[in-house]
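So the sequence lines, in the order shown, correspond to chains A and B.
Everything in the first sequence is counted per the numbering used here, starting at 1 for the first residue and increasing by one.
Everything in the second sequence is counted per the numbering used here, starting at 1 for the first residue and increasing by one.
Hints were generated in silico from the structure; no laboratory data involved.
Errors might be hidden in some of the hints.
[What the hints assert, rightly or not] Calculated cross-link-like contacts (lysine to any residue; reagent style SDA-like; alpha-carbon spacing at most 25 Å): (1) B/Lys-83 with A/Tyr-50; (2) B/Lys-83 with A/Arg-6; (3) B/Lys-83 with B/Leu-116; (4) B/Lys-83 with A/Ala-14; (5) B/Lys-83 with A/Leu-77; (6) B/Lys-83 with A/Pro-51.
[What the hints assert, rightly or not] Footprint (simulated), chain A over chain B, 3 or more residues, beta carbon under 8 Å: (7) 51-64; (8) 117-127.
[To be verified] Quick list of simulated restraints, FRET-style, between CB atoms: (9) B/Ala-87 with A/Ala-36: 27 to 37 Å; (10) A/Ala-58 with B/Gln-55: 16 to 26 Å; (11) B/Val-124 with A/Trp-43: 31 to 41 Å; (12) A/Tyr-46 with B/Pro-120: 26 to 36 Å; (13) A/Pro-38 with B/Arg-47: 32 to 42 Å; (14) A/Leu-41 with B/Pro-120: 23 to 33 Å; (15) B/Ala-84 with A/Glu-99: 41 to 51 Å; (16) B/Pro-120 with A/Pro-38: 25 to 35 Å; (17) B/Arg-7 with A/Pro-39: 41 to 51 Å; (18) A/Arg-6 with B/Arg-47: 48 to 58 Å; (19) A/Leu-25 with B/Tyr-30: 26 to 36 Å.
Just so it is clear, the structure is predicted and the values come from calculations on it, not from any experiment.
Built from N, CA and C at the ideal position, the CB exists for glycine as well.
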Amino acid sequence: MIAFLRARRTALLAVFMAAELAVLLFVLAERAWPRAVPPPLGWTIYLGSYPWSLPWLASGSEEVGITMAVITAGFGLNVALVTAVAWYAARRARQAGAE
Amino acid sequence: MRAIAARWTPRRLAGIAYLVPVANVAAVWYLLLFVAGRAADAGPTLRAWLVDDPQRAAFRWLAALPMVCGALSVAYLRAPGPKAAIALAALGIAVAAATWRLLDASIAATATLPLLFSVPAAIVEFARRGRTHP
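Work out the full structure, taking the sequences as your base and the hints as a guide.
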């Protein structure tokens, strides 16, 4: 699996960046259309950053800049991890089917 | 044309673009402290905004933003490696999101502008390195 991930580092990095940009787009949409953006979307991003963001969020700090950095990085990391695992599983299933 | 493209790399453009929010926020602070209020009261006013004001989180971010963007600008102009470029782009996205969350759109837009260069720079640098160092 490590070799599989290493061979696809650039694609996974693009996924990580796309997830981070999705958080930014969500914040922008929330600002532009506050009533149109469903709250579960925000909760998905918030909870989707767990468990990496938990230590910082539990401290209850007011520093929004660090909070956003922690949430976007945690969410991006989780999306990249889920993508990597799903990709690897799909490849294994395809290989098993070919055999 | 190729010489211009080689000179104006996305990293260098991102470094220059991060100077825009620095100048913008510096102008905002000047207007807030010296035009809207009296110059003699600038110190106590600043202290009140950063410590006692109910919206102190926004004022603190307004104070931190030029420093963070200045640091990002310096980091980009010093030509970071691929991994550093990724970390800087990720940090830039978080900075833009926090700015949209807390401050006016005119400031947030300038903090978002450098992402046009920093995100492609991170991915392109990483892809190029992946081709040269498998």
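message = Taking the earlier hints as the rules, which of them does this structure contradict?
response = none
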